[in-house]
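*Asks:* Protein chains in written order, with the working numbering: chain B, 1 to 305; chain S, 1001 to 1444.
Hints listed in this document are in silico derivations from the structure and should not be mistaken for laboratory results. Since the structure is predicted, the reported quantities are computational estimates derived from the model, not experimental observations. All clues given are correct.
Straight-line Cα separation of at most 27 Å, DSS-like style, residue types lysine-lysine; simulated pairs:
#  : chain 1 : residue 1 : chain 2 : residue 2
1  : B       : Lys244    : S       : Lys1296
2  : B       : Lys277    : S       : Lys1296
3  : B       : Lys261    : S       : Lys1034
4  : B       : Lys99     : S       : Lys1364
5  : S       : Lys1056   : S       : Lys1364
6  : S       : Lys1364   : S       : Lys1073
7  : B       : Lys44     : S       : Lys1153
8  : B       : Lys139    : S       : Lys1296
9  : B       : Lys294    : S       : Lys1034
10 : B       : Lys288    : S       : Lys1059
11 : S       : Lys1073   : B       : Lys294
12 : S       : Lys1394   : S       : Lys1433
13 : B       : Lys294    : S       : Lys1056
14 : B       : Lys139    : B       : Lys99
15 : S       : Lys1282   : S       : Lys1296
Far from chain S, by Cβ distances over 10 Å, these chain B residues were calculated:
#  : residue
16 : Ile10
17 : Asn45
18 : Asp82
19 : Asp88
20 : Ile93
21 : Gly116
22 : Ile129
23 : Gly155
24 : Thr197
25 : Thr238
26 : Leu239
27 : Val272
28 : Ser278
Yeah, the Cβ is synthetic: ideal placement off N, Cα and C, and Gly gets one too.
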Amino acid sequence: MNSEYTYDDIEPVALNEEQPQLCQILYTDQFKSVMGTLLALMKKNEYSDRALALTGLGIEILPSHYSIWIYRYNVIREIGKDLVDELDWLETISLDNEKNYQIWNYRQLIIEQVIGTTGQYNYHREFPIMAAMLSSDAKNHHVWTYRKWVVSRFGLFADEKENSFVEAMIEQDVRNNSAWNHRFYLKFGHEQGDAATSDVVDEELEYVKHKITVSPQNESSWNYLLGICNKFNISLQTLEGFCKQFVNDGTDSADEIELIKSSYALEVLAQVYNDDKSILYYDLLSTKYDPIRKNYWQYMKSMLI
Amino acid sequence: MDKVAYLLNLLGDDINRLDFSDVHPPNIYNNLAKMITTLPLVEDTYESETTLAQTKTEKSIRSIYKDIISSHKHFNNFFETQNHLKYISNSLQISLPHHYSSLDPNHSWMLYWLINSGLVLNHEFPQEITQLATEKMKTLIVDNGKGGIAGGKNQLGHVASTYAGILLLVCLREYELLDSIRYNLHSWFLRLKQPDGSFVMHYNGEADARSMYCVLVVCSLLNVLTDEIREGALGWIKQTQTYEGGFAGVPNTEAHGGYTFCAFSSLFLLLGQNCNNRVDLKNALQTSIDLEKFIKWVVSRQLNLEGGLSGRSNKLVDACYSFWVGGCYGLLESVLAVDIFDKQALKIYIMNCAQNKDGGFKDKPGKSIDFYHTNYSLMGLSICEHSVAIAEDKNINKTPDFFGYNFTYAEVNDDINTTEINCVFGLPEVLSKACKNYFLECDK
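Only chain B is shown next, with the shape it has when bound in the complex:
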């Protein structure tokens, strides 16, 4: 319990304690007392400094306790807590809780409050905490989802720092699929994305092709390449020359296609050719280069016209 405040007047509510019950948890006394008191305060809709202090303790003990987050949000609104202090507090909680759903939604709520009351928010504040989180888990789904929200909320599509950040993440690990997805959003996700200049498209095609040569068997970069082609109706025929460098293909005999550096290149070529060669390629994928997807390659073969 927080020593600054007294909660003696509050009778803690029971947690899941009836006997017998299934999945009974042997709570510690501290857990029972903190959570029981919190839920009791919540029940009587108390919005006070002592309630706020106890939500902090409760979240520290169990950050995935969504009821406490909901309650805390109501408390800070009712008592008019300083929102910047709230963000400070939130950052200390975030670093220890990588897989938490609540933190990032809560952060959005607070920032919207700040904007609602002051008309502005200095989004630069967001970068250090996101960077710290991604440095311990470069593919943290919650953080990347939050990052996408920051980009869209503050219109950072063309932001130089944001673009170089994502570039650095890909540089560091060309197989970081989250970074590739974020890049796709930065380059093509803007409302006017469909009107992205052909320059950007060309630049990105060059960029991703280079990254594919660095690591040819990389699903992330191939998906990015094919994603661009699909979005901007670029024919796969235009990739034929590029793909061929990963497939030594001087002959039609399966035995002699030995030098394959990328099963993805073989797959694109199968789609480009759409003829007997495609059958050969799908069979090679089925039997040799990607046999776990045999059923899928046979399905693709059956779709050939």
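Go by the hints and put chain S onto chain B.
*Replies:* Chain S alone, transformed into the frame defined by chain B:
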């Protein structure tokens, strides 16, 4: 020779347990030999955090598979039904140590994971257990459902806790209780609905593919899937398909196995109205989403060496995706009328890498077992052991959720450990159907 060894293995456990006369363990040697030799053919020497983690996981799994081959067993580890049931029953009945307090906001989930796991294994729970389960669920329902269902007593309602709680009550066939809260839940969901068609998890909560799926499932099972609930849902889901082909939690983020399952299975509860058969449904899917790209993404989740599934591009295998992604395979199999993934290979992963001999299932070798992975591994196993199709039905005037209830199943061979599960709901097929039929009758 294989058969003898297999029988000896069985005998070692419990001689009275089974009738052995028709046991034909499938020989998995060819699969394994292919799985452990595939990857080196494609050379890519790039090194990073991703490749290091992948190599480490492959190493542990390759050694498990090599051991099977070198011991001349040539069949999967024995499926420890009794030990899994013991794990389930102990977890329900024996008090859980205090570190389980981390699951204190997840009581409805715990009960669903455990009870459903038992049912997937065809277990009949004794009445004292089912009664206790119902009693506990009653303590989680907030204000007769007007505030949803909470994850623990005296907590607040949450859409995901509600989903788990309703599934549990469907498992328990507590239809009268369900009937007493279904209209209140429906009104609560409508209060959580956003202008863009999505739903928030609770007031001031997040809206994503999970909340959408949970609302649609609950409303469908309880036969309150009204136009107001469905309004804007399809349009919102469409926006979450990414350039990779899978679905993300919210538009413009990364495709992910869990969210992809939520989005794709939701479509089975939304597209039925103007469809008369499988081909119509396939066409409806093709107009709603990029189906070919979706198929490509979803089959790409299966890993060559592991046989198991990953949740995102360039991420590691995890047994829970045996259901989240495996469920999409089941649904696709029904729509395309072809099997598009390697069921044997996934089964090999679940049986030999995720299964704990003493009961329970884990994410991957080196991790610990838990309720969550146990439930989703078992449902994944069921998907491997059955083929699923859409039944022919001449009846027109179909409801939007018609295709959630119109599957037929067949066993893929005679080595079957699980019952048929419905891939839309994550429940044994008989239970989702029985619940829906009950409320269809009610509402006649």
